[in-house]
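Each chain is listed here by its residues.
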Amino acid sequence: MKAKWLLLTKVQMKGLLGLNKLRKTDDRRVKNRAVGAAVLLSFAVAAIILYDILAAFLFVMQDAEEALPPFMLAIASFIVLIFSLIRGSSILFSAKDHDFVMSLPVTKRTVIVSRLACSYFVNLAFTLLVMLPSCAVFFIAGAGSFYDFFVILAATLFAPLLPLAAATAVGTLVAAAASRFRHKNFAQSLLNIVFFVVILIASFALSYGMQSEPDMASVSQVLAGKIYPPAQLIALALGGQAWAVFAFAAVCAAAFALLVAIAAPFYEKIVSRLAAKSGGVAFKEKQIRKSSAFGTLFKKELKRLTASPAYLLNSIVGVLFLLIAAVAFLIFDPVSTLAEALRSSGLERFLPSLVYGGGGLTLMFVGMILPSAASVSMEGKSCWIMCSLPLPARTVLLAKSATGPVFSVPAALFFNVVLLVQTAASPLQWIVLLLSPVAYAALVSMAGAGLNYKFPRYDWTNETAAVKNSVPALILSFGGLAVEGVFIAAAIFLTRLGFIVYIFFILISILGCVLLWRAFGKARLFDGSPSPAVYRMPAPSRRF
Amino acid sequence: MQDKILEISHFSKSYSATKRAVDDLSLDVYAGDIYGFIGQNGAGKTTTLRAVTGVMDFSEGDIFICGKSVRRDPVACKSVTAYIPDNPDLYEFLTGIQYLNFMADVYGVSDADRKSRIGKYADMFRIGGDLGSLIGAYSHGMKQKLAVIGALLHEPKLFVLDEPFVGLDPEAAFKLKQVFKEMCGQGAAIFFSTHVLDVAEKLCNKIAIIKGGRLVASGNIDDVRGDESLESVFLEVVEQNEG
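Just so you know, the protein sequences line up as chains A and B, in that order.
For the first sequence, the numbering used here gives the first residue as 113, with consecutive numbering after it.
For the second sequence, the numbering used here gives the first residue as 4, with consecutive numbering after it.
A portion of the hints provided could be inaccurate.
To be verified - Below, computed lysine-lysine pairings styled on DSS-like, alpha-carbon distance capped at 25 angstroms:
#1 A:K296 - B:K146
#2 A:K396 - B:K123
#3 B:K180 - B:K118
#4 B:K7 - A:K398
#5 A:K415 - A:K493
#6 A:K381 - A:K208
#7 B:K22 - A:K634
#8 B:K7 - A:K411
#9 B:K7 - B:K123
#10 A:K493 - B:K22
#11 A:K402 - B:K118
#12 B:K123 - A:K126
No lab work stands behind these hints: they were computed from the structure.
In this text the structure is predicted, and so the values were computed from the model without any measurement.
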């Protein structure tokens with residue numbers, strides 16, 4: 113008989129990835145959409161592999177191959193930590209199937225293990241995606257032995273456990289604290305953001321001590337040594353000390369086991385408190401207010417965003433990065449240091465590149481602020497409301513598109529103004545750096561809503577499935593990163609003439625918005641899930 | 004002659020090459036009709052209702068509401084229709100009153116109208132004391148009541164409901180039937196699916212029976228059942244069409 117945690121994990125995985133639905137459905141449109149999503153997703157995967165291989169080659173070129181596996185492991189673990197922090201307490205506490213699962217003859221520990229295992233497998237897939245290509249370069253470069261292969265394999269399998277356990281512990285603490293408040297979701301969102309900012313600032317502070325002209329080995333040393341010390345154990349293991357890999361595995365497994373042991377006694381209590389409902393509140397007549405259809409849709413979108421800690425944090429990570437970076441710029445003024453370094457090296461002609469490079473950085477963060485990319489899926493089982501409203505799809509999609517810029521534009525403008533002031537920028541630079549984030553925020557937000565309209569996912573039981581497994585967000589994040597990379601490189605390369613690239617970028621963004629506006633006009637909103645009649649016909653025996 | 008509110012003309016829906024959820028269904032609903040749509044589980048009732056309300060697309064046949072095509076002019080059709088699915092999953096992050104405001108805004112209901120209608124129906128369904136609470140805190144029945152109030156705010160010409168009496172307490176079910184009659188008296192039409200044949204028999208003036216996606220009987224309830232009870236007719240029709 114299969115272990116119960118494995119059975120629960122299997123069921124959750126089927127729901128999480130939607131592969132089971134895809135395998136069992138006969139709906140051609142569902143299959144066509146899946147093919148389209150897979151094609152687009154493969155571009156995102158290809159982009160990750162490309163970055164991965166490029167990073168690996170940097171190590172090889174600098175004869176620092178031995179620092180590559182701990183570095184990539186630290187990178188993968190750090191990303192797993194960030195992603196898991198964004199998911200926060202929802203990993204354990206916000207599944208809609210909670211009552212059903214708890215009614216089964218399983219222990220709380222089994223439920224917790226199954227929830228964590230589900231996240232572990234997803235994170236393991238990501239870790240493999242990061243580790244495999246770079247380690248392939250590592251072995252092709254002749255830096256690895258058979259022993260190294262087993263060290264890296266063991267490290268990769270255990271690596272996601274530690275950041276997952278750490279982030280879930282933070283999420284559990286946040287959930288426990290928020291459950292005492294009346295506005296639980298808002299308190300949870302706020303606490304999540306505070307924790308997230310603290311961790312970001314701590315990691316920035318730790319890496320600030322890095323030398324001004326870093327080589328890859330020292331970057332790896334800082335990342336694996338200071339920011340993620342367990343990766344140092346892998347460096348030791350690759351150096352011939354086999355005990356270190358066992359120590360790494362033990363640390364990761366122990367963190368996981370400890371979390372399960374500590375969380376189990378409080379699990380039900382926290383869930384009950386989070387689910388506790390304060391009913392019986394009457395309304396006041398002044399609450400009945402008229403507003404436009406677009407205005408009411410937009411307000412609803414904002415309420416949806418702030419009602420979900422995972423959705424909110426996932427959507428505003430870029431905003432937090434921008435605000436922290438802007439404050440760091442104000443305090444440490446790295447622009448002057450860099451400008452001085454360029455002057456002393458006789459590279460004054462690259463001074464304008466500082467402005468354009470900084471502005472490009474802003475655009476990269478703006479490209480990460482994508483609440484609209486999950487906004488259609490977030491309708492979930494309520495999507496019948498959206499589909500039955502007497503409004504053109506364009507109005508609905510534009511209201512969904514409007515949420516992102518509300519957060520991204522002020523943060524981006526704040527960062528750019530700091531940059532422009534510190535670099536004593538020209539009027540032309542002011543114009544392009546103030547216009548570009550506005551135009552790009554509008555474009556990515558509309559593209560997010562448009563892609564989510566094409567690839568919606570309404571059948572989730574845990575909202576993080578809609579937020580984190582959003583194909584549109586992945587496509588836009590990684591696809592956007594490639595476009596932004598080319599754009600920044602061109603703007604930096606053209607130095608004084610970098611504004612041309614910016615003007616081109618602004619015009620392309622505006623054109624993209626116009627095209628999406630027209631496409632929204634042709635859109636029709638339907639609930640794609642089949643009604644019970646679709647299951648009337650007996651399924652062929654092979655499909656059981 | 005009564006106004007034709009809903010016309011379903013040769014409507015078919017396939018989800019795949021092998022599965023035909025609804026097959027060549029045609030029926031008309033006139034102003035003042037309370038039209039019951041009955042059938043076994045998976046017969047195609049929900050598919051039909053979702054197509055009527057524009058929630059689901061279709062490519063075969065056409066559906067007209069007040070003379071306008073759901074396929075070609077969906078916004079105009081939706082603006083005179085109200086729909087309540089069998090399990091009304093509402094926006095749980097909104098309070099009851101925020102939800103009603105949202106619906107009134109979207110349907111363009113004036114300030115004065117929304118105030119009077121919210122007051123009237125909140126009292127009728129005894130939900131006024133909870134409208135300031137989050138919908139997430141509501142029971143299934145309260146959500147159902149809220150969905151009904153939200154659907155009535157714009158005084159629809161066609162009210163489409165999927166199993167409307169499931170989850171409602173007896174008093175609310177009685178009040179809903181009263182609302183149906185009141186609406187029909189004002190020239191609207193009700194088209195709803197139900198498994199409760201007793202309700203259909205007492206409430207509806209017309210019924211349609213669907214089996215395996217095909218309409219097997221329809222018309223005035225007295226013509227369909229003859230001297231028998233609706234239950235006997237339904238079972239007979241279902242068994243006749245087996246195999």
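So, going through the hints one by one against the coordinates:
1. Note on A:K296 and B:K146: the hinted pairing holds, with a Cα-Cα distance of about 21 angstroms set against a maximum of 25 angstroms.
2. For a cut-off of 25 angstroms, the pair hint linking A:K396 to B:K123 stands: about 15 angstroms separates their Cα positions.
3. Proximity of B:K180 to B:K118 is assessed by CA-CA distance (about 23 angstroms); at most 25 angstroms being required, the pair is judged to hold.
4. Only pairs whose Cα atoms come within 25 angstroms are accepted, and B:K7 paired with A:K398 is rejected, the gap being roughly 39 angstroms.
5. Note on A:K415 and A:K493: the hinted pairing holds, with a Cα-Cα distance of about 17 angstroms set against a maximum of 25 angstroms.
6. For a cut-off of 25 angstroms, the pair hint linking A:K381 to A:K208 stands: about 16 angstroms separates their Cα positions.
7. Only pairs whose Cα atoms come within 25 angstroms are accepted, and B:K22 paired with A:K634 is rejected, the gap being roughly 28 angstroms.
8. This hinted pair does not check out: B:K7 and A:K411 have alpha carbons roughly 37 angstroms apart, beyond 25 angstroms.
9. The hinted pair formed by B:K7 and B:K123 fails the criterion: a straight-line CA distance of about 29 angstroms is larger than 25 angstroms.
10. For the proposed pair A:K493 and B:K22, the alpha carbon gap of about 24 angstroms is at most 25 angstroms, so the pair holds.
11. As the CA atoms of A:K402 and B:K118 are separated by approximately 10 angstroms, the hinted pair is consistent with the 25 angstroms bound.
12. Restraint check: the Cα-Cα separation between B:K123 and A:K126 comes to about 46 angstroms, which exceeds 25 angstroms; the hinted pair is violated.
The structure fails to meet hints 4, 7, 8, 9 and 12 from the earlier list, while all remaining hints are met.
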